[in-house]
Structures are given as C-alpha cells and as structure tokens.
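Engineer: Residue strings, one per chain:
Protein chains: 2
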Amino acid sequence: MIGVEKTGNPVGYEAQRQNLSEGAGDALMFYKNLAEENRLLSLLLLKQEGELCVCEIMEALNQSQPKISRHLAQLRRSGLLVDRRQGQWVLYRLNPDMHTWMQDVLERTLIENPHLLEEPSRRLSDMSTRPIFCSTSA
Amino acid sequence: MIGVEKTGNPVGYEAQRQNLSEGAGDALMFYKNLAEENRLLSLLLLKQEGELCVCEIMEALNQSQPKISRHLAQLRRSGLLVDRRQGQWVLYRLNPDMHTWMQDVLERTLIENPHLLEEPSRRLSDMSTRPIFCSTSA
DNA sequence: TCCTCATATATGTTAAAGTGCATATAACAA
DNA sequence: TTGTTATATGCACTTTAACATATATGAGGA
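Chains as they are written, first to last, in my numbering: chain A, 59 to 196; chain B, 59 to 196.
Since the hints were made in silico from the structure, they are not lab data. If you're wondering where the values come from, they're calculated on a predicted model, not measured in any experiment. Check each hint, because a few of them may be wrong.
Note: identical chains are not told apart, hence a pair may lie in one copy or across any two.
[Said to hold, decoys possible] Taking lysine to any residue and the SDA-like style, the derived pairs with C-alpha atoms no more than 25 Å apart in a straight line are: (1) Lys125 <-> Thr158; (2) Lys125 <-> Trp159; (3) Lys105 <-> Leu168; (4) Lys105 <-> Ser179; (5) Lys125 <-> Cys113; (6) Lys105 <-> Asn153.
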C-alpha cells in the first residue's frame, strides 16, 4: 500500500527514483523522508492536527511556498501523505494506509519531542485568517 | 547524553557540523543517521548482535572497509554507537545511553522488517574466521 | 471575460553526502 | 626491527539533495 499514488503509479516508484536497493525499500524510504527538517515537522504537525492546507503548513513552519509544496509532494509520492482538493485549497493528511509501525514511530517521536512543534503550533493558532474546512478532525 | 564523545566534544557537535537548527536537533540527527542504507543496517545489525568488529560489519553488509569505517565513525560522533578496542579489533555497539525512544524505534524497525537483516545475518554466520571476543552479548 | 488567491513545477545554482583510492596509525607476531 | 592485519582518514571526484526565482495551473469571484 505504501508507495501507491492516486495516479496509479506502482509500489516502489519513489524507491526506484531514489535508487534504493530492493530489500531496505520501505524502511529506508521512510527514514529518508524523515531526514529533512521541514518534512519531519510537516509529518509531525499533520499527525497532531489531522489535516492542514499548504498555506497553514507554510505559516506554521515559516517557510516559502515552493519549498513546502515540493516537500509535501515528495511525501505524497512516497505514500506517506494523501491530499484532497477543497475549493482553492489542497489539504494534506497522513496516509491512513501507512504501515502501523511507521505511524507509531511518528507518534513516539511526537510524544518524546514535544518542543519540536511548540513554535509551529503557536504560529498555526496565531493565524488570523485560518481557513475552516469540512472534516478537519484526525 | 546523545552527542557526547569520549574525546570530550560537546553535545550537538554533529548537529552543528550538519548545520541543523537548534530545536529539531536530536530527532532530526537521529533520522539523518538512519537515512542511509549502510548506517541503518549497521544499527539494526548491532541491535540484533550486540557487539561487532568493523570487519564483521564489512562482511555482513558486503561493503568496502573505508566505507563502513566512515559510516561507523559518523554514528559514533552522533552518539548512537560506542566503540572499544580489543587488541587489533575495534568493537562497536549501540550506545547504552541512547534515548529509550530511539532504541525502541530501532527495535520496532527490526521486528517489522525481518528481511532487512536476512542476507547480512547469513553472511555473518558464514564467516569462516569469525573472531571471538570477550563479552559479545548484547 | 479578467483578476486574484492557492498551489505546483521547471530551471539553474549551490551545498552536502557518499565514494574510491591511497595512505596513515595501531596492535600484534616473528 | 620488519611484516601483517585491522581500522581510520586525507583528498579528489561523483552524485544527490535542497534551494531561490520565475512561471504555470486551477479554482473562484467580479
């Protein structure tokens, strides 16, 4: 299930793109995705918040739009996130089909490192014009 | 405790070297270290085997000596491994002071991906001249 | 239609990571 | 001492990843 896109690309597309060996595929792919600060924080933030649009993640992490967009695209191609369009916004959330152990690793990381999302969470709640979407719950 | 070397370098040396931001330090450093196949497999192998010398890890992962040596050195500088010299061999093992959550992440990764160490374990047990050291247990 | 906002992506550039090869160091044995 | 084995590291090179900037796409409103 990991690595399948709604575009119909096969499992392992991203792994192949990243020239990973067969065996270490999933786990290595997962950790490569966690090995960049914006991607790590995006995943943890989405774990905590459930669903966010690109502009909210941009604001929470205080980073440029193309930067965040490209990192989210990578996470989506890797099968860690799914997106849906809601009007002019694109909402991202964790792929519910993600391996349980990966979800647990994210959760543990979040619990053990509460400081990581301190500033992002504050910036998020400080957004004056925070959009409201349907079914924003986790 | 993580990031302290026996050489006395301060916590965060590796993080600073890698130009990481303050906040995401430990967790990000950890995942950066897992994001390379030889380092990931070395950590998992040491988790499983307890203690191994460089030549055993080389053989298990079927990689060159300088390559393995460098990756192990990075893991040691990051505080994830400790080493001890036993005669002409240098033995590596997981740093017992590693954060519990990191140890748990490694363990879970190992349990959920048994195939990862299949070949390395086989190559290890196939070593004809496998050295025996004192206190090889985990 | 035209305009605006939100998001995605193409392109060129820079920085970082990984690697092979050669060599250095360290322990041991003869 | 010399030679051998095990490990570490300096250096040059290749590959990969991240980035800024500019532009494209797509939805909604006037």
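Engineer: Does each hint fit the structure? Answer for all of them.
Structural biologist: Cross-check of the supplied hints:
Taking CA atoms no more than 25 Å apart as the test, Lys125 paired with Thr158 passes in neither setting, with 28 Å inside one copy and 33 Å between copies. Proximity of Lys125 to Trp159 under the C-alpha cut-off of 25 Å is found in neither arrangement, the shortest distances being 28 Å within a copy and 30 Å between copies. For a Cα distance limit of 25 Å, the shortest separation of Lys105 from Leu168 qualifies both inside one copy, at 8 Å, and across copies, at 23 Å. With identical chains, the CA atoms of Lys105 and Ser179 are at most 25 Å apart within one copy only, with a shortest distance of 12 Å there and 35 Å across copies.
In this assembly of identical chains, the alpha carbons of Lys125 and Cys113 lie at most 25 Å apart only when taken from the same copy (12 Å versus 42 Å across copies). When the C-alpha separation of Lys105 and Asn153 is checked against a cutoff of 25 Å, the pair qualifies only within one copy, where the shortest distance is 10 Å, while the shortest distance between copies is 29 Å.
The structure is inconsistent with the numbered hints 1, 2, although it conforms to all the rest.
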